[in-house]
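K.L.:
Each chain is listed here by its residues.
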Amino acid sequence: MNLTLLILLPLLTAVLILLAKGLQQIRVIGLTGAVAQLGLAGWLLKSFLAERAAGNNAAHLFESNQTWFKALNINYHIGIDGISLAMILLTSVIVVAGILVSWTMDKLSKEYFFLLVLLSMGAYGFFISLDLFTLFFFLEVAVIPKFLLIGIWGSGDKTKSAMKLALMLMAGSALVMVGLFGVYYNTHTFDIVQITQQGIPVGVQKFFFPFAFVGFGIFAALFPFHTWVPDGHASAPTAASMFLAGISMKLGGYGCLRIASLMPDAAHAYSWIIILLATIAIIYGAFATMMQTDLKYINAYSSISHCGFVILGIGMLNKTSINGAVIQMVSHGLMTALFFAAIGMIYSRTHTRIVAQLGGLLKAMPFISTVFVIAGLCSLGLPGFSGFVAEMTVFMGSWQNPDGAYRLATILSGASIVVTAVYILRATGRAIMGPISDEHALLADATWNEKLAAVLLIVGILIIGLAPFLINHLIMPSTDAIMAQMEKVNLLK
Amino acid sequence: MIYNLIIQLRQELVLTVLIFLLLFIKLGKDRSNESILNFINVALLINLGAGFCCHETGALFNGMFNTNVLIVFEKDLLNLAALIISMQSYAWLKESKHLIEFYLLILTSLLGMFFMISSGNLLMFYLGLEMSTIPLAAAANFDLTKRKSSEAAMKLILSSAFSSAILLLGISFLYGTSGTLTFSILTAHINGNPLQMFAFILLISGFAFKISAVPFHLWTADVYEGSPVAVTSFLSVISKAAVLFTLVNLLYKVFTPIASTWYLVLVVLAAATILIGNLFAIRQDNFKRFLAFSSIAQVGFILIGISGSSQIGSASLIYFILIYIFSNLAAFGVVSVVSALTGKENISDFKGFYKTNPMLSWVLTIALFSLAGVPPTAGFFGKLFLMMAGAAKGNYGLITFAALNMVISFYYYLRVVKAIFMDENATPIEKLQVPAVSKLAMYICVAGVIVTGLASVVYDYIYSISIGL
Numbered sequence: 006m007n008l009t010l011l012i013l014l015p016l017l018t019a020v021l022i023l024l025a026k027g028l029q030q031i032r033v034i035g036l037t038g039a040v041a042q043l044g045l046a047g048w049l050l051k052s053f054l055a056e057r058a059a060g061n062n063a064a065h066l067f068e069s070n071q072t073w074f075k076a077l078n079i080n081y082h083i084g085i086d087g088i089s090l091a092m093i094l095l096t097s098v099i100v101v102a103g104i105l106v107s108w109t110m111d112k113l114s115k116e117y118f119f120l121l122v123l124l125s126m127g128a129y130g131f132f133i134s135l136d137l138f139t140l141f142f143f144l145e146v147a148v149i150p151k152f153l154l155i156g157i158w159g160s161g162d163k164t165k166s167a168m169k170l171a172l173m174l175m176a177g178s179a180l181v182m183v184g185l186f187g188v189y190y191n192t193h194t195f196d197i198v199q200i201t202q203q204g205i206p207v208g209v210q211k212f213f214f215p216f217a218f219v220g221f222g223i224f225a226a227l228f229p230f231h232t233w234v235p236d237g238h239a240s241a242p243t244a245a246s247m248f249l250a251g252i253s254m255k256l257g258g259y260g261c262l263r264i265a266s267l268m269p270d271a272a273h274a275y276s277w278i279i280i281l282l283a284t285i286a287i288i289y290g291a292f293a294t295m296m297q298t299d300l301k302y303i304n305a306y307s308s309i310s311h312c313g314f315v316i317l318g319i320g321m322l323n324k325t326s327i328n329g330a331v332i333q334m335v336s337h338g339l340m341t342a343l344f345f346a347a348i349g350m351i352y353s354r355t356h357t358r359i360v361a362q363l364g365g366l367l368k369a370m371p372f373i374s375t376v377f378v379i380a381g382l383c384s385l386g387l388p389g390f391s392g393f394v395a396e397m398t399v400f401m402g403s404w405q406n407p408d409g410a411y412r413l414a415t416i417l418s419g420a421s422i423v424v425t426a427v428y429i430l431r432a433t434g435r436a437i438m439g440p441i442s443d444e445h446a447l448l449a450d451a452t453w454n455e456k457l458a459a460v461l462l463i464v465g466i467l468i469i470g471l472a473p474f475l476i477n478h479l480i481m482p483s484t485d486a487i488m489a490q491m492e493k494v495n496l497l498k
Numbered sequence: 325m326i327y328n329l330i331i332q333l334r335q336e337l338v339l340t341v342l343i344f345l346l347l348f349i350k351l352g353k354d355r356s357n358e359s360i361l362n363f364i365n366v367a368l369l370i371n372l373g374a375g376f377c378c379h380e381t382g383a384l385f386n387g388m389f390n391t392n393v394l395i396v397f398e399k400d401l402l403n404l405a406a407l408i409i410s411m412q413s414y415a416w417l418k419e420s421k422h423l424i425e426f427y428l429l430i431l432t433s434l435l436g437m438f439f440m441i442s443s444g445n446l447l448m449f450y451l452g453l454e455m456s457t458i459p460l461a462a463a464a465n466f467d468l469t470k471r472k473s474s475e476a477a478m479k480l481i482l483s484s485a486f487s488s489a490i491l492l493l494g495i496s497f498l499y500g501t502s503g504t505l506t507f508s509i510l511t512a513h514i515n516g517n518p519l520q521m522f523a524f525i526l527l528i529s530g531f532a533f534k535i536s537a538v539p540f541h542l543w544t545a546d547v548y549e550g551s552p553v554a555v556t557s558f559l560s561v562i563s564k565a566a567v568l569f570t571l572v573n574l575l576y577k578v579f580t581p582i583a584s585t586w587y588l589v590l591v592v593l594a595a596a597t598i599l600i601g602n603l604f605a606i607r608q609d610n611f612k613r614f615l616a617f618s619s620i621a622q623v624g625f626i627l628i629g630i631s632g633s634s635q636i637g638s639a640s641l642i643y644f645i646l647i648y649i650f651s652n653l654a655a656f657g658v659v660s661v662v663s664a665l666t667g668k669e670n671i672s673d674f675k676g677f678y679k680t681n682p683m684l685s686w687v688l689t690i691a692l693f694s695l696a697g698v699p700p701t702a703g704f705f706g707k708l709f710l711m712m713a714g715a716a717k718g719n720y721g722l723i724t725f726a727a728l729n730m731v732i733s734f735y736y737y738l739r740v741v742k743a744i745f746m747d748e749n750a751t752p753i754e755k756l757q758v759p760a761v762s763k764l765a766m767y768i769c770v771a772g773v774i775v776t777g778l779a780s781v782v783y784d785y786i787y788s789i790s791i792g793l
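Those sequence lines, one after another, are chains A and B. Under the working numbering, think of the first position of the first sequence as 6, with each following residue one higher. Under the working numbering, think of the first position of the second sequence as 325, with each following residue one higher.
Because the hints were derived from the structure by calculation, they are not lab data. A couple of the hints might just be wrong.
Said to hold, decoys possible - Listed below are the simulated DSS-like cross-link pairs for lysine-lysine, each with C-alpha atoms no more than 27 Å apart in a straight line:
1. B:K668 x B:K479
2. B:K679 x A:K112
3. A:K493 x A:K211
4. A:K115 x B:K418
5. A:K324 x A:K51
6. B:K717 x A:K75
7. B:K418 x B:K472
8. B:K763 x B:K679
9. B:K679 x A:K26
10. B:K479 x A:K115
Unchecked claim - Which bits of chain B does chain A cover? Going by a derived footprint, with three or more residues having C-beta under 8 Å, they are:
11. 494-506
12. 562-575
13. 716-723
14. 728-736
Heads up, the beta-carbon is just placed ideally off N, CA and C, and yes, glycines get one too.
Taking the hints into account, I'd like the entire structure generated from these sequences.
P.N.:
Structure representation (structure tokens):
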């Protein structure tokens, strides 16, 4: 199967959207494209598992390698492993949900859907790339749509947030670029597979790892470069928030993971710094969330905390923790998208997101309130939902590290769950339960498209929560490969 | 002999014939501006085609005039840019009474650049340079009713006379230490003695003036602001490109023995140029001044690429110039149309531009993204390859500095995009009727911006013909 289809399909959808007339046509085309992409991703999963079952144990399946810039040894090299496939599935689910919740977007709808599709195209391209140049190319493709989506359709201080987000992400990619140049000039290739085989000299790793890791870390809200997250998410329109937290931040986590496996020596050498920053992000994010009064800010700050788990899992550098990091990426993507969708639905009806101004929504809109509660419970890690599985795996992995300081980091991160429970339950209690104000009493419940979007995301959360072995089965061989890579440490000196 | 002459000089000959024809048309009876414009555009197109017809490597006039595939390609680029500018100025020139004089000046300048690029001798180079600069100063004065325009012309002629003087002093010192001005012989005589180094510094300063590298950039913004948009775009794209082509040729072929020296000079110039250009661009409101400073910053990136002193470096330079032609001219094209039809030239006038002119807004936005270096536009590839060429030297401090400066540049380009799409304006620029020819020029630019990057054929071709140290 040709993976380029994953890029061509969104491209085709985007072109058709440009040609379409009227909101009805545009959204139907957008949805059709997204559903087709979801189908494609499902089919990819089926054929991937079939290949694996047939005993194909290659690190990357469906590889294809074409020369792009011959003179510079840049290739369009694509292929997927279990981790990228999990990310592709996540992206395609969120895109469908995002388009469904934007069903009634009537302000400049053509441009809006076009940019959403363009953003998703960047993400797909990123996840299938096996060449660092192509990877970088798609990473940056996804930045500009975010700027425009927030700046044009956002709320609040939208232009400032959009600018902040775009500049910080560009700074991230500038650092990534320097890191990649360093790798290129010491290995003479951008090809991930080749670099993995030949290895990078330890000195080079130690010099360039910080550039590349911090660069991707900015995308993944690594402390102290997380400041774009709250403003960006809060100002963005609903679908853009879902894409940002659900897809875009995952580009960063995925990138960090790849960089760590390409430069294992440096990853080991710097792992204590990574863990330190991740622990700070987790705790700081959790406490900062307690202080928020705006629902979107609550979710945005809690995203910093949750993405900290991803970085923590990567920093611990063992099989279980990395597995946990990947599951946390998928879980957080689904959960936070669901949360933002619910907040968007509430906001479009009540025109406020301030917790104190809401109350008793369960009486007026039971469906939306239930969605909100489910997202909240998943966020605080209730067993049965994906959040529990993911965080549990990360903690178990972290605990395997016998070092005292690492154990302390694990304990502190674990304790943050209590704080999570506090802010989630408090927000739920105030906004969903209790007496309802008169003006909110007559508001309508979710429409069909909103219900569909929510159900789709909830199904994803439940699949991971109730049958974690499915996703484990998918990603485990790939994490094994990464661990094999990690164990090559010290062989290169 | 005569056959050789015609083949090797074909692009220059077409231009010369065109210039004389224009003179005769001027003397003859009045014709409509439209027909003259169409005639000139077709002639430029023919000249562009002439570049592709036959590839001949050779030298004329005792090595004074050289030609090869690379030089012909560089001339093609300049020709393409001239054609696009000519098409874009359609709305402005249609009403002009001095249409023919404008083209006489511009085309003479272009001819001078052709000779400069082809020169194999410093005297020839100097002649070409002067021939390209002086008509431009007259052209800068072309808005006869505006005082700013004559101010710009005055500044341009003074500063270029000054820089030419410095250049000439450098050339004469070089002659004094080596006894020759011919490139091919000169190399053997370059040994880095103090007077020669002084001569080299003078030469480089002269070049830095022409490409407006910091600290020789002070004339740029005023001249760009005062001149008519067509002349500004000519100055910022064509004249810079021609000088840069010659600079690379000199550095990579003549001054090879002192490569480590000019590497340092380029690094300092590049770093200063990028930073100052960026910082000043942030504060501009006049669109032409804004593009002036942004083009200064772009030159800084180009210098980084050249400093890599490899085949990748020179190939990336030419590639970047091609992309820069498309992206800068697309931006100037929109500014030119808006300025010709409404007289507005400020970024704040563009607030709410998207509501009234979505098509022009997208053209401008894509152009700015390409200048900023955002994929999938070609500017991304152009800038990345320049930086990659620079990184080959292992000077990662400079590369990091440049990479972070890209973020600053991103800010001011996005500021314009923000004004177009996001800012509210009670009195936005009304819906504009863009002439078909200008529209076509914009579409060519946008197509160029999108295709040149993704289609690697272009880069591979340029790489195959370019030179390394």
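K.L.:
All hints are to be evaluated individually against the structure, with a verdict given for each.
P.N.:
Results for each hint:
1. For the hint pairing B:K668 with B:K479, the CA-to-CA distance comes to about 23 Å; that is within 27 Å, so the pair holds.
2. With a CA separation close to 12 Å, the supplied pair B:K679 and A:K112 stays within the 27 Å bound.
3. The hinted pair formed by A:K493 and A:K211 meets the criterion: a straight-line CA distance of about 15 Å does not exceed 27 Å.
4. Between the alpha carbons of A:K115 and B:K418 the distance comes to roughly 36 Å, so the proposed pair goes past 27 Å and is violated.
5. Distance check on the hinted pair: A:K324 and A:K51 sit about 25 Å apart at the alpha-carbon level, within 27 Å; holds.
6. For the hint linking B:K717 to A:K75, the alpha-carbon distance of about 21 Å falls within 27 Å, and the restraint holds.
7. Simply put, B:K418 and B:K472 have alpha-carbon atoms about 22 Å apart, close enough for the 27 Å limit, and the pair holds.
8. Restraint check for B:K763 and B:K679: satisfied, since their Cα atoms lie roughly 19 Å apart, inside the 27 Å limit.
9. At roughly 17 Å between alpha-carbon atoms, B:K679 and A:K26 fall within 27 Å of each other, so this suggested pair holds.
10. Note on B:K479 and A:K115: the hinted pairing is violated, with a Cα-Cα distance of about 47 Å set against a maximum of 27 Å.
11. With 0 residues bearing a CB less than 8 Å from a CB of chain A, the segment 494-506 of chain B misses the requirement of three and the coverage assertion fails.
12. With 0 residues bearing a CB less than 8 Å from a CB of chain A, the segment 562-575 of chain B misses the requirement of three and the coverage assertion fails.
13. Note: the segment 716-723 of chain B has 4 residues with beta-carbon separation from chain A under 8 Å; the three-residue rule is met and the coverage holds.
14. Closer than 8 Å: that is the beta-carbon criterion, and the segment 728-736 of chain B has 5 residues meeting it against chain A, so the requirement of 3 holds.
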